[in-house]
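Sequence lines, in order, name chains B and F. In short: position in the first sequence from 1, add 11, done, that's my numbering. In short: position in the second sequence from 1, add 44, done, that's my numbering.
Hints are computed from structural coordinates only; laboratory data are not their basis. Mixed in with the good hints there might be a few duds.
[To be verified] Here are the computed lysine-lysine pairs in the DSS-like style, where the Cα-Cα straight-line distance is at most 27 Å: (1) Lys64/B - Lys81/B; (2) Lys154/F - Lys142/F; (3) Lys29/B - Lys68/B; (4) Lys82/B - Lys68/B; (5) Lys100/F - Lys142/F; (6) Lys14/B - Lys81/B; (7) Lys64/B - Lys29/B; (8) Lys14/B - Lys142/F; (9) Lys98/F - Lys142/F; (10) Lys112/F - Lys154/F; (11) Lys81/F - Lys14/B; (12) Lys14/B - Lys68/B; (13) Lys81/B - Lys142/F; (14) Lys82/B - Lys66/B; (15) Lys64/B - Lys100/F; (16) Lys82/B - Lys115/F; (17) Lys14/B - Lys82/B; (18) Lys49/F - Lys100/F; (19) Lys142/F - Lys115/F; (20) Lys49/F - Lys154/F; (21) Lys154/F - Lys66/B; (22) Lys68/B - Lys81/F; (23) Lys154/F - Lys68/B; (24) Lys154/F - Lys98/F; (25) Lys115/F - Lys49/F; (26) Lys24/B - Lys66/B; (27) Lys49/F - Lys68/B.
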Amino acid sequence: DVKVTQSSRYLVKRTGEKVFLECVQDMDHENMFWYRQDPGLGLRLIYFSYDVKMKEKGDIPEGYSVSREKKERFSLILESASTNQTSMYLCASGGTGDLAKNIQYFGAGTRLSVL
Amino acid sequence: DQQVKQNSPSLSVQEGRISILNCDYTNSMFDYFLWYKKYPAEGPTFLISISSIKDKNEDGRFTVFLNKSAKHLSLHIVPSQPGDSAVYFCAGTFNTGKLIFGQGTTLQVKP
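With the hints as extra help, turn the sequences into a complete structure.
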């Protein structure tokens, strides 16, 4: 069974704090992704990574950065948290090749509140 | 620019009846479409997919139909069960591994 583990289910932070969200997958997947989910907006891609030390901007990268030092771990960093970053954050991993094709496996999510 | 759209935010059906969830897309380059299901406080889970060269794929109670000329796909659930109540997301994908999601449709199946 694929397992994607996000380090926290709920986080409350203050405006201006630096926030780290951690994600670990156990399937040796090349690809890892960070999304945020907001009502009425679906899942929006923040950043993704095809390999260790590689990163690509998604649709809404502003205010975020990422780190992938090991294949199994992908971290999302909010450099200076703001209230508009209050959201559900979802990490996913996926393989390449056939169809496992682009199937992504998601963690349970981190509900972040920035006060 | 919303490449994948789910125009119905919510849908309510009676247990045992058919649920039909719809999705429209604008990008002809998608090579696969996927449906995900999401319960509250859980991550989305993969449900079913369809290749852009097919027009139908079936898996148990779930069938996805693709109409390329209309750039439209739909997910049929027959018969619907209360446990199917969740948010359903459709997504298009290129060969890059990247998914483009719609806004989601909340399905409620009433006993």
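Taking the hints in turn, this is what the structure says about them:
1. Using a Cα cut-off of 27 Å, the hinted pair Lys64/B and Lys81/B holds, with the two alpha carbons roughly 8 Å apart.
2. Simply put, Lys154/F and Lys142/F have alpha-carbon atoms about 35 Å apart, too far for the 27 Å limit, and the pair is violated.
3. At most 27 Å may separate the alpha-carbon atoms for a hinted pair to count; Lys29/B and Lys68/B meet this at roughly 19 Å.
4. A distance of roughly 18 Å separates the Cα atoms of Lys82/B and Lys68/B; the hinted pair therefore holds under the 27 Å criterion.
5. Among the hinted pairs, Lys100/F with Lys142/F is consistent with the structure: their alpha-carbon atoms are about 22 Å apart, no more than 27 Å.
6. This hinted pair checks out: Lys14/B and Lys81/B have alpha carbons roughly 16 Å apart, not beyond 27 Å.
7. Note on Lys64/B and Lys29/B: the hinted pairing holds, with a Cα-Cα distance of about 21 Å set against a maximum of 27 Å.
8. Restraint check for Lys14/B and Lys142/F: the C-alpha separation of about 19 Å stays at or below 27 Å, so the hint holds.
9. The suggested pairing of Lys98/F with Lys142/F holds, with an alpha-carbon distance near 20 Å, which does not exceed 27 Å.
10. Restraint check: the Cα-Cα separation between Lys112/F and Lys154/F comes to about 32 Å, which exceeds 27 Å; the hinted pair is violated.
11. About 17 Å separates the Cα atoms of Lys81/F and Lys14/B, which keeps this hinted pair within 27 Å; it holds.
12. Our distance criterion of 27 Å between C-alpha atoms is met by Lys14/B and Lys68/B, whose separation comes to about 24 Å.
13. As the CA atoms of Lys81/B and Lys142/F are separated by approximately 20 Å, the hinted pair is consistent with the 27 Å bound.
14. For the suggested pair Lys82/B and Lys66/B, the alpha carbons sit about 12 Å apart, so the restraint of at most 27 Å is met.
15. For the hint pairing Lys64/B with Lys100/F, the CA-to-CA distance comes to about 39 Å; that exceeds 27 Å, so the pair is violated.
16. Of the supplied pair hints, the one linking Lys82/B and Lys115/F is violated, its CA atoms being roughly 36 Å apart against a limit of 27 Å.
17. With a C-alpha separation of about 14 Å, the suggested pair Lys14/B and Lys82/B falls inside the 27 Å cut-off, and the hint holds.
18. Pair hint Lys49/F plus Lys100/F holds up; C-alpha atoms about 20 Å apart against a cutoff of 27 Å.
19. Proposed proximity of Lys142/F and Lys115/F is supported: the alpha carbons are some 19 Å apart, at most 27 Å.
20. For the given pair, Lys49/F sits about 25 Å from Lys154/F by alpha-carbon distance, which is consistent with the 27 Å threshold.
21. Annotation: proposed proximity of Lys154/F to Lys66/B is violated, straight-line Cα distance about 44 Å (limit 27 Å).
22. For the proposed pair Lys68/B and Lys81/F, the alpha carbon gap of about 25 Å is at most 27 Å, so the pair holds.
23. For the suggested pair Lys154/F and Lys68/B, the alpha carbons sit about 41 Å apart, so the restraint of at most 27 Å is broken.
24. For a cut-off of 27 Å, the pair hint linking Lys154/F to Lys98/F is broken: about 32 Å separates their Cα positions.
25. About 11 Å separates the Cα atoms of Lys115/F and Lys49/F, which keeps this hinted pair within 27 Å; it holds.
26. Among the hinted pairs, Lys24/B with Lys66/B is consistent with the structure: their alpha-carbon atoms are about 25 Å apart, no more than 27 Å.
27. Between Lys49/F and Lys68/B the CA atoms are separated by roughly 22 Å; this keeps the pair inside 27 Å, and the hint holds.
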